[in-house]
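Throw the hints in and build the complete structure from the sequences for me.
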Amino acid sequence: GDSVTQMEGPVTLSEEAFLTINCTYTATGYPSLFWYVQYPGEGLQLLLKATKADDKGSNKGFEATYRKETTSFHLEKGSVQVSDSAVYFCALRNNQGGKLIFGQGTELSVKP
Amino acid sequence: EAGVAQSPRYKIIEKRQSVAFWCNPISGHATLYWYQQILGQGPKLLIQFQNNGVVDDSQLPKDRFSAERLKGVDSTLKIQPAKLEDSAVYLCASSLEPNTEAFFGQGTRLTVV
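Read top to bottom, the protein sequences are chains C and D.
When we follow our numbering, the leftmost residue of the first sequence carries the number 1, and every step to the right adds one.
When we follow our numbering, the leftmost residue of the second sequence carries the number 1, and every step to the right adds one.
Accuracy of the hints is not assured; some may be wrong.
To be verified - Computed from the model, here is a short list of chain D residues facing chain C with C-beta under 10 Å:
hint, residue
1, VAL4
2, GLY42
3, PRO43
4, LYS44
5, LEU45
6, VAL55
7, ALA93
8, GLU101
9, PHE104
10, GLY105
11, GLN106
As the list claims (entries may be wrong) - Counterexamples of contact, computed for chain D against chain C with all Cβ distances above 12 Å:
hint, residue
12, PRO8
13, LYS11
14, LYS15
15, ARG16
16, VAL19
17, PRO61
18, LEU70
19, LYS71
20, LYS83
21, LEU84
22, VAL112
23, VAL113
Because the hints were derived from the structure by calculation, they are not lab data.
All C-beta atoms in this analysis are idealised placements derived from N, C-alpha and C, irrespective of residue type, glycine included.
Next comes the structure, spelled out in C-alpha cells:
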C-alpha cells in the first residue's frame, strides 16, 4: 500500500542554519504531496504542496520539489529561525480519494 | 473564518470505559475526516465522511469505535470500551471536497489508564 517515510528526529539546529528533512514515498499512480507543520499546542497546518512531478511547493521560506524519479519530496529552508521549531509531517494523497497518508513526523528544534 | 472545532481538548478515562469526541467542521465543508495520532507517529485515517455518508472506514476498529455525522455537519467519534492502546490524539479535519485542502482541528488528547 501507499506509504511515506521521513528522516527520524529530533533535528537540532542553530538559528540561520540550513535545513533539510528527507521524505520518500511509495504510491501507485501520481499522488499529490504535502508538508504539514504542527507547532506546539496547535493543530496541523498545511505548509506547502505539489501536485505533479517537478512541481516546487514553497511557503514561508520553505521549499520542496516533487521528484518522481527518486520518489522524494525533501523539505528545505535556507535559514531557520527559532520560530520554526515544530514537528513536520510529509504526506501524500492519492487523487482518487481524500485520505492523507502521513510519515511519522520529524521534530525540529532551533536554538538561538 | 472559524476553523475546525473539537471538544474536549483533553480526556482521561479508565480502560473499559466509554468516551465520545465531538467535531464541528468549517461551514460548507462536505468532507470530514477523523484521524488517530499515536505518540511518535503520523496521523492515521480512521474514517472519512462525504456529507453524512461514509466514504472510507477501512481502518476503523469497528468492534469498539463508531462515528456518525447525522446531518452532514458536525460529527461524533465514540470508543466503547476503551483500551490502553487507544491513548492518542484524535484529530478532526474537514475540506470542501475530497481532493481539496484539509483543515485540521487542535485535536482531543485521550489518555486511557
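Satisfaction of the PRO43 (chain D) interface hint, Cβ to chain C closer than 10 Å
At about 5 Å, which falls below the 10 Å cut-off, the nearest Cβ of chain C leaves the hint on PRO43 (chain D) intact, so it holds.
Min Cβ distance, GLY42 (chain D) to chain C: is it shorter than 10 Å? Holds, because the Cβ-Cβ distance from GLY42 (chain D) to chain C comes to roughly 3 Å (cut-off 10 Å).
- request: Let me know if the C-beta of GLN106 (chain D) comes in closer than 10 Å to any C-beta of chain C, holds or violated.
  value: 4 Å, holds
The output says ARG16 (chain D) does not contact chain C. Does that hold with a beta carbon cutoff of 12 Å? 29 Å, holds
So is VAL113 (chain D) really clear of chain C, every C-beta pair being over 12 Å apart? 23 Å, holds
Check your understanding: Does the CB of VAL4 (chain D) sit less than 10 Å away from some CB of chain C?
Key -> Hint holds; VAL4 (chain D) Cβ to chain C Cβ min 7 Å, cut 10 Å.
query = Is it correct that the beta-carbon of LEU84 (chain D) has no partner in chain C closer than or equal to 12 Å?
reply = The assertion about LEU84 (chain D) holds, with a minimum of 21 Å to chain C.
* Asked: Closest CB-CB distance from LYS71 (chain D) to chain C, is it above 12 Å?
  -> For LYS71 (chain D), whose nearest Cβ neighbour in chain C is about 20 Å away, the distance exceeds 12 Å, so it holds.
Over 12 Å from every CB of chain C: does LYS83 (chain D) meet that, or does the non-interface label fail? Non-interface label stands for LYS83 (chain D): nearest chain C Cβ at 22 Å, farther than 12 Å.
Cut-off 10 Å, beta-carbon criterion: hint that GLU101 (chain D) touches chain C = 6 Å, holds
Checking the smallest CB distance to chain C, is VAL112 (chain D) really beyond 12 Å? 22 Å, holds
For this session: Classify the hint on GLY105 (chain D) as holds or violated, based on whether any CB of chain C lies nearer than 10 Å to its CB.
Result: Holds, about 6 Å.
The structure agrees with every numbered hint stated previously.
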